[in-house]
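Undergrad: Read off the chains here:
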Amino acid sequence: MSPLDNTYEKQFKVIGTRPPRPDGIEKVTGKAQYGADLYVPDMLYAKILRSPHPHAKIISIDTSEAEKLDGVKAVVTSKDFSKFSDNKPSDTLVNCIAHEKALYDGHCVAAVAALSNTIAKSALKLINVEYEILPHVTDVDEAMKTDSPIVNKGYVLENVPKGFSENVTSYYEFGHGDLDNGFNNADLIVERTFKTEAAHQGYIEPHACLASMTPDGKADLWCCTQGHYNVRALCADIMGMESSQLRVTPSEIGGGFGGKTTIFIEPIALALSLKSGKPVKLVMTRDEVFKATGPTVSSSMDVKIGMTKDGVITAGEANLRYQGGAFPNGTVEMGAQSAFAAYDLKAVRTKGWNVLTNRPKQAAYRAPGAPQAIYAVESVVDELCQKLNLDPLEIRIKNAAKKGTKSSYGPTFDDIGLIATLEAAKKHPHYLAPLEENQGRGLSCGFWFNFGGDTCVTLNVNFDGTIGVTEGNPDIGGSRASISQMAAEELGISYDKVRTIIADTNSLGHNEVTDGSRVTFAVGLATIKAARAAIKEMCKRVSLIWGIDEDAVRWENGSAIPAGPNAGQFDPMSIEEIAAMSSQTGGPIAGHHEVNAEGAGVSFGVHLADVEVDKETGSTKVLRYTVFQDAGKAIHPSYVEGQMQGGAVQGIGWALNEEYIYGEDGRLQNAGFLDYRIPVASDLPMIEPVILEIPNPGHPYGVRGVGETSIVPPLAAINNAVSRATNIRFSELPLSPPKVLSSLKKEINDG
Amino acid sequence: MSQVHIKTKINGDNIEFLCDPEETLLDILRDKLHLTGTKEGCGTGDCGACSITLDGKLVCSCLVLGAEADNSEISTIEGMSNGEKLHPLQQKFLDHAALQCGVCTPGILVAAKSLLEKNPDPTESEVRYWLAGNLCRCTGYDKIIKAVLDAAKEMRS
Ligand code: FES
Ligand code: FES
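Chains A and B are the protein sequences, given in the same order.
Read in order, the letters of the first sequence correspond to residues 4 to 754 in this note's numbering.
Read in order, the letters of the second sequence correspond to residues 2 to 158 in this note's numbering.
Careful, some of the hints might be misleading.
[Stated by the list, open to error] Straight-line alpha carbon distances no greater than 27 angstroms define the calculated DSS-like cross-link-like pairs of lysine-lysine that follow:
id, chain 1, residue 1, chain 2, residue 2
1, B, K119, A, K128
2, A, K278, A, K128
3, A, K148, A, K354
4, A, K349, A, K390
5, A, K34, B, K10
6, A, K34, B, K86
[Stated by the list, open to error] Derived contacts from chain B toward chain A, CB cut-off under 7 angstroms, selection only:
id, residue
7, G84
8, E85
9, P89
10, Q91
11, L95
12, V104
13, D143
[Said to hold, decoys possible] Stretch-level coverage of chain A by chain B, calculated; a stretch enters the list once three of its residues show a Cβ under 8 angstroms from a Cβ in chain B:
id, region
14, 26 to 32
15, 327 to 340
16, 475 to 486
These are computed hints drawn from the structure, not numbers from a lab.
Source: prediction; values computed, not measured.
Every residue, glycine too, gets a C-beta built ideally from N, C-alpha and C.
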């Protein structure tokens, strides 16, 4: 038996069922409280003044007229933050509020708290900012050139190769084998340059918080976030506070997808609260969400792959250039690591450059960095298959990474589900269904690393034998249900005996953000371990009652029983009976587990997309879409399917319509849902999910994270489908109607 | 600027309020009446999170001024269930796991209820087009559409 005491081969009773989620009724009746839903007595409303310039030196800010307006209680600028710390302001703070320069269109320069939103809005108009406009750059390739305007100085790491502007801040390289030799052995080599635009996570709930800070340095903060412990760490650092003095309570969260893993407005609300002496609520508008939160990187990428006539990939190479806004980030590193992860290659090399531009600092978005790189690689693989007249699914199976493959980014894979997932796609009726004129079928693999990380769980056995689980990860898509299921399964009791809640920062030790597809894996693992600790304690209590050895008591189906015939003859004691007597046998019973969880287990997915392209308008309709993904073990299959469907549709949006459009003036042209078009119900067919279960050896029940992989394949699956439907190879996303139409026209004109 | 005195009926109750002439009905519902089940996703009529019915008509409350609501009847998500009894749509959304984060859910439920009042037997494509003004970023709509169709079926029987 492995050290994890894995039980994933046993028959589950609760795991794999689809019970109602504990927060469901509140959410269908409008009672659930999200970030903007809390109102407290004497509360003020805050608004932010933002730079209209993409790059400008701030000469002066005059707030005196705003302060005089009736009903205005506080105004803050970057100067108000200098008293909290002697250190150089962190990137996070400078991103929340501009210091010397405004670095992008929408960068916060000042904020007001007033008796009402109406007054706060009027006050913004009375703030006078004097700017000196500087040259700007928003395109990744332009920003790398030696004569580009420099966005932010002093960030270049030592290993960055020469020959670029100071906007190129970091460089990464991965791979193994002899590329030249590999390409020499190829019968066909395809080399292409790809571009993707930045996309936004597009969560429907804008960022919101309510802060209350007192002059003795204590504060309470309520906000919608994927990780309140991270909010506490970042805010405490900015505000010069000790962690224990800042209590952060997460609200219900209206979507995040990575975009709510960091902070944008919380320190502003805290500073306004301290200055005004009142609680301050700050809610972003949608325009602010687009301009001043953390969209994805945009990319420019070169991919070269060689293949033999019978479909063996002989070498793969990718050069990735990602811009992620005005501050450095490491997203391109994950792109370079994941680009070829689905393949077992003898020769592979990926390189990545991170580039600064006058855009908002990127934040994570579902599998950050992977969709772009894998889109480029999977598009070239498809083109090779098409040109060599090979079945794209067979070729992926032929070259697929498997247990024992040395991955393109270094580690050797353990049990992985890629081949099983590809085989499932091959057997599915979708793959062989006939297509009509102007229709095409696209296919792509996807990959994500998955993470574990710091996690704490406490599991209390109440006196009536029911269970309270306390965890510290905001629930974005039903995780409280799956955590309760795992507790119930391990304890051998029914689901409705368990209630899981998410605690504030003072009630549990540190928990890593809800990201990296980690919650069901890591919080689940800690919950199972906490349950085992409680079981051990319950067995001990029973051993005292029975007067036998602790080892002579065993746990089965929610009761303690004698471990064997030699232990003695005793009737089983149920969890209810043990709990009822716990005060007499030593006190209340609880289990807890704290861990930096490892062994998350990588996740692979395969998507099949059928599209039809309208040759008159250039618009693409998705006709059929199937998602195959390895979940390790699906705890609550409905929410696993939901992750697969939701991620797929976000990827479809990215492939077909979504993009950040910057004008010549460096300003964002489409900061709203009308012009930044996310998929709507009438754009889509049903998204069929097919769950594969190849257990992850790193989790007692075999769980792998499922949240992120699903956004990776759609970019190439759609691109390949549109390319096959039109017989034109596209290499720029999104495939918006005007772009497709102009290529169709060019094709006709070129004959 | 002086405030306007407005009389309405909200979810069956007589409610009066004072509002600034430029305040939206959504602001009033949330900031003044604390009926926070109605959500603000955009404030520009593009997301449907603020859907309510005004005199029986489905509207985006962010596009209606508070002052326009004088003498009108308003229904919000808070009025959808009846005591302990959920509306069939609410129940089906739970059964089908048609919500992930749930922030779009109130608006979608209000919009779907209004569809089923007009068309008790919609096709999949009719549901998709009716709900095209309600954005959901989490689910890909699949389970939402199934829940609405299933609720319609149950309500017909
Ligand atoms: S908030 Fe009214 S439509 Fe978005
Ligand atoms: S469930 Fe999150 S937006 Fe619809």
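Undergrad: All hints are to be evaluated individually against the structure, with a verdict given for each.
TA: Okay, the hints, checked on the actual structure:
1. For a cut-off of 27 angstroms, the pair hint linking B:K119 to A:K128 is broken: about 46 angstroms separates their Cα positions.
2. The suggested pairing of A:K278 with A:K128 holds, with an alpha-carbon distance near 20 angstroms, which does not exceed 27 angstroms.
3. Distance restraint check for A:K148 and A:K354: the Cα-Cα separation of roughly 18 angstroms lies within the 27 angstroms cut-off, and the hinted pair is therefore satisfied.
4. Restraint check for A:K349 and A:K390: the C-alpha separation of about 22 angstroms stays at or below 27 angstroms, so the hint holds.
5. The straight-line distance between the Cα atoms of A:K34 and B:K10 is roughly 20 angstroms, inside the 27 angstroms bound, and the hint therefore holds.
6. As the CA atoms of A:K34 and B:K86 are separated by approximately 15 angstroms, the hinted pair is consistent with the 27 angstroms bound.
7. The criterion of a C-beta within 7 angstroms of any C-beta in chain A is not met by B:G84, whose closest approach is roughly 11 angstroms, and the hint is violated.
8. Proximity of B:E85 to chain A is violated relative to the hint, the smallest CB-CB distance being about 10 angstroms (cut-off 7 angstroms).
9. Among the interface hints, the one on B:P89 is violated; its C-beta lies about 11 angstroms from the nearest C-beta in chain A, farther than the 7 angstroms criterion.
10. A least Cβ separation of about 4 angstroms between B:Q91 and chain A falls short of the 7 angstroms threshold, and the interface hint therefore holds.
11. At about 5 angstroms, the closest approach between the beta carbon of B:L95 and any beta carbon in chain A falls short of 7 angstroms, and the interface hint on this residue holds.
12. At about 3 angstroms, the closest approach between the beta carbon of B:V104 and any beta carbon in chain A falls short of 7 angstroms, and the interface hint on this residue holds.
13. With a cut of 7 angstroms, the hint placing B:D143 at the interface with chain A holds, because the nearest CB-to-CB distance is about 5 angstroms.
14. Under a criterion of three residues with beta carbons nearer than 8 angstroms to beta carbons of chain B, the stated coverage of the region 26 to 32 of chain A is upheld, 6 such residues being counted.
15. As drawn, the region 327 to 340 of chain A meets chain B at 0 residues by the rule of a beta-carbon pair under 8 angstroms; below three, the given contact is violated.
16. Chain B is given as covering the region 475 to 486 of chain A, and this holds because 3 residues of the stretch bring a CB closer than 8 angstroms to a CB of that chain, at least three being needed.
In summary, the numbered hints that this structure violates are 1, 7, 8, 9, 15.
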